[in-house]
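For the protein sequence lines, the chains are A and B, in the order given. Its first residue numbered 1, the first sequence is counted upward by one per residue in the working numbering. Its first residue numbered 1, the second sequence is counted upward by one per residue in the working numbering.
The set of hints was computed from the structure by calculation and includes no laboratory data. Yeah, the Cβ is synthetic: ideal placement off N, Cα and C, and Gly gets one too. Take the hints with a grain of salt, since some may be wrong.
Chain B is faced by these chain A residues, among others (derived, beta-carbon under 10 Å) [what the hints assert, rightly or not]:
| no. | residue |
| --- | --- |
| 1 | Q247 |
| 2 | N251 |
| 3 | Y311 |
| 4 | I312 |
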Amino acid sequence: MSYSTFNQEQTNPLAEPMFFGNSVNVARYDQQKHSIFEKLIEKQISFFWRPEEVDVSRDRVDFNKLTASEKHVFISNLKYQTLLDSIQGRSPNIALLPIVSLPELETWIETWSFFETIHSRSYTHILRNLFSDPSEIFEDIVINDQIKLRANDISRYYDDLIFYTQLWQTHGEGKITVDGEEHNVTRRELKKKLFLCINSVNALEAIRFYVSFACTFAFAERELMEGNAKIIRLIARDENVHLTSTQHMINLWQDGEDDPEMAEIAEELADEAYEIFMTAVKQEKQWAHYLFKDGSMIGLNESMLCQYVEYIANLRMQAIGYDAPFPEQRSNPLPWMNKYLVSDNVQVAPQEAEISSYLVGQIDSSVDASDLGDFDL
Amino acid sequence: MTAKLFKVKVNGQHELTVDASEGTLLDALEKHQLEVHYHCKSGFCGACRSKLKSGSVRYLTDPLAYVRKGDFLPCCCVPESDLDIEH
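The shape of chain A in the complex, shown without the other chains (with noise of 0.2 Å):
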């Protein structure tokens, strides 16, 4: 079952499962198994952007006027995002292009890491510019502790997948050994592994990166960082899309649109997925008890934080089939975030003094009759 980068067999892409069919060869997208995953690629390259367009200079005055306590949250939780884009930069790539069957939802994991890679890209163009060498933060992510609890768990299923692929690959299906430990390797097993792979991307996507962008912006809120707050808008803007993407997976599995293998799984597996959920708000909310641990930022605190998990797990959980976790948590704790997540084509904060203009991607092509009758021939 090894990979081949140009599958010769003749097969049908519009009969094939998302994941673990025959492998893809002909990229085409003319015609689509699930058109959805075209349109978000479209939506997505629309949004393009580049981290060194946004000015983030008049950030470092602002830096340096923090508190001990502010400038802790906001490197800490920059620290945060750069694991969480590190992480989502190569691994959808890594773990799912081997075993994915459909063109457009190929290209799609490809479109999605790219804009990832962006988003890495912008943390280091943040950090430049606070730092004359940011060379000790980058350092920390990998040492400090409370950061390695939270990649420990967004690594694991990804890695578990990749691994578990790569004997299938190599050995087909079957008992392997490796280093004196036994894998039993079956397409269904592998099947389950993707499902809890998707699942826990699902909840990065959905809640963790929620709960950095709401400590960007509430320093925004208070006229500091601005520069770093219209960079993370545009990357909650793509976050927007990446999470579409995981949802309609999960959702297509649920409904028995995709694999009917599948559908057996995230019912069996239902509770688990849950599980891989609430650990992923359990530990966001130890992130916003160590975030506020030397004082709490106007506009933002560690109980405030937690609250706004709650209420966007609820969200999430529904989006996928489940009852809402926190029924008591039904209001938006954070409103003001709204704001800052809303795609419109106006890029910048409405509070900003200085609006600079920054369209990237935006184009008008509606054109009326109308808008020709000057012309004469």
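Assemble chain B onto chain A, guided by the hints.
Chain B alone, transformed into the frame defined by chain A:
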């Protein structure tokens, strides 16, 4: 544009009159000062996902977010009839 007025019942408690020729249903909820849930307001994130208990809506832009059976996205649609929704 002439007004197209519909009655919209929200969460079983509020009864609003919504003009389908003016903005989206979410705009209308906001205008009536109800607490609204949303992120992108463009139909691709799904954060405004609500339950359509009765009535029908017309999408101004096709939603990209997954819309489960019985759900709809008020940020990119207008009423086509009187509605009963949970938001």
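**Report entry** chain B contact restraint for A/Q247 - C-beta distance below 10 Å
**Finding:** holds, 5 Å
Report task. So, A/N251 near chain B? Judge it on the closest CB pair being under 10 Å. Result -> holds, 5 Å
Requested in this report: For the hint on A/I312, just tell me whether its beta-carbon gets within less than 10 Å of chain B.
Outcome: Cβ of A/I312 sits 9 Å from chain B, so the hint holds.
Query raised in the report: Does the CB of A/Y311 sit less than 10 Å away from some CB of chain B?
Result: Interface hint status for A/Y311: holds (9 Å vs cutoff 10 Å).
The earlier numbered hints are all upheld by this structure, with none contradicted.
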